Amino acid sequence: MTVQLSLVDVTVRFGGLTAVNSVSLDVEKGTIHSLIGPNGAGKTTVINTVTGVYSPTAGDVLFDGKSIAGVPPEKICGLGLTRTFQNTELFGDMSVADNVRLGMFRIAPYSILAAALWLPTALHAESRIDERVAELLELVGLGDQWTTEARYLPFAKMRRLELARALAAEPKMLLLDEPAAGLRAGEIDELNGVLRMLKDKLGITILLVDHVMPVVMGVSDRITVVNFGQKIAEGAPQDIGRTRP
Amino acid sequence: MTRIRSGIVWAFVAAVLLAGPLFMPNHVLLLVALIATTSIITVGLSIVTGLSGQVSLAQAAFCGLGAYGATLISTYAGLPMWLTIPAAAVIVAIIGYGVGIMSLRVEGHYLALVTLAFSGIVHLGLLHLTGLTGGAVGLPAEQLVLFGFTFGSPASLYYLSVTAAGVVLLGVWNMLRSRWGRAFHGVRLSEIACKSLGMDVRRVKAIAFAMSAGLGALGGALQSLQTTYLDPAQFTILGSVAYLLVLVIGGLRSQLGAIIGAIIFVMTPELLGGFKTYMGLVFSIVLLAIILIAPSGLESLIKGARNPFEKKAAS
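Residue numbers (my numbering), protein chains in the order written: chain A, 5 to 249; chain B, 692 to 1006.
Take the hints with a grain of salt, since some may be wrong.
[Unchecked claim] Covered by chain A, according to a simulated footprint, are these stretches of chain B (three or more residues, beta-carbon under 8 Å):
| # | stretch |
| --- | --- |
| 1 | 716-726 |
| 2 | 769-776 |
| 3 | 979-987 |
[What the hints assert, rightly or not] On the chain B side, residues computed to face chain A include the following (Cβ under 10 Å):
| # | residue |
| --- | --- |
| 4 | Leu851 |
| 5 | Ala855 |
| 6 | Gly857 |
| 7 | Leu861 |
| 8 | Arg893 |
| 9 | Ile898 |
| 10 | Ala901 |
| 11 | Ala924 |
| 12 | Ile928 |
| 13 | Arg944 |
Rather than coming from a laboratory, the hints here were simulated on the basis of the structure.
Note that the structure is a prediction, hence the values are computed from the model and not measured.
The beta carbon of each residue, even a glycine, is placed where N, CA and C say it ideally should be.
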């Protein structure tokens, strides 16, 4: 197996506070890797460091074997890495479809002049975008809500829309920040189904940050446990499930 | 149903505008022409301020650069106005991009102040570069001559302005429904999400600035054909503030709002007549009333009135 994402002794400090302390972790290609731990353990900081919101104070982050430490967030997506957000960051005033269309901003480009004059390049790109939007909305179960404004969606659907938008950027790897927070039991089963399908059918590597155990235990190939910014355990779900500190 | 109805409305508006010179007196023709060119300016502003959420208080400066630019290039390079007006618009768009890239290091109030300063600098430049701009006295604008035809009569200026506004509004309409419209919208709603999707947020904002500057310059240059005289007093900081004000009154985020804003911009001094001195007061009172009654502008009232039976979306 090859390693998709690798953290090498990553330390992140904010002033005197050490949020992440010398954490190393390898995510293998085509697997779902979970990062769990209590609130304040540094899970979101890990995601923000990988996606370039923060630079590591020490250590390195490798994606496809190349260092991405300190690469700004807007460049990270182009490398094949997209994320979702803990409290969702949808474009609330925009329609469901437009949210996903905007996910393709980078991969379906055409100039602003082509847009204003409605040139064939723009029309062609737009029809390609809409085909993809249809696929993705169907995939996450929002196929009948193209024109709904995103802010009117129930929370569980907002999360799925954010997932569709992240997928629209055609990533090799997804970073999901607490995708199950606030979901009901039935919704969690659906989420598990979607995540497994992304892995099995599309071959997308997933780093999942959560502490909702039914999701973590249900889909993970490997689990890393952090607490107070330090890695305290790593292993397959059944091993982690047995370990009681 | 609504599509058919709005089609009929647009066809009617187009027919009235086309037949304008048959029944409108010259005075009215020139007012409509002025509204048309002003709406090019306000629509430009609505892209950067309404859609992208970047407060710009430099629109009058971009108009001034466009108006003076077109005439000066024409005078000194000996080029005809039909060439120098678009050229000035493109050059000012590039200047707008530069201003955008530099000033977008700061956000919110600070950005507004930087654009305000830019507006002030341009006005002072027009006032004090006496050798080039004629200073406070100003200079006559060049006339537009196309295939030997001079656009001087009210009817010709009317057709020119209305056509130009129509083309611009259509282009912006298309742009709004493209990846660029979505991107401008997106940077206002969530920058972090845009970045995570691989968008260079600062570049997108600067492109919005460039669009707004280019359209401001185009509108300003076309207006100079109507006023026939370039006077730095047309392009002051207060002018920039007034454009923003009428856009807020009309509706920040829509083309209809920009058109309503342009109508207010042109008609208020017209209707006030001898009381023009109080224009600032009138604008302020109207603005306060709008903020209380219809915070998203007059355009929202029209939209609401258009179909009273349509159910409001549950919030």
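Which numbered hints fail: 1, 2, 3, 4, 5, 6, 11, 12
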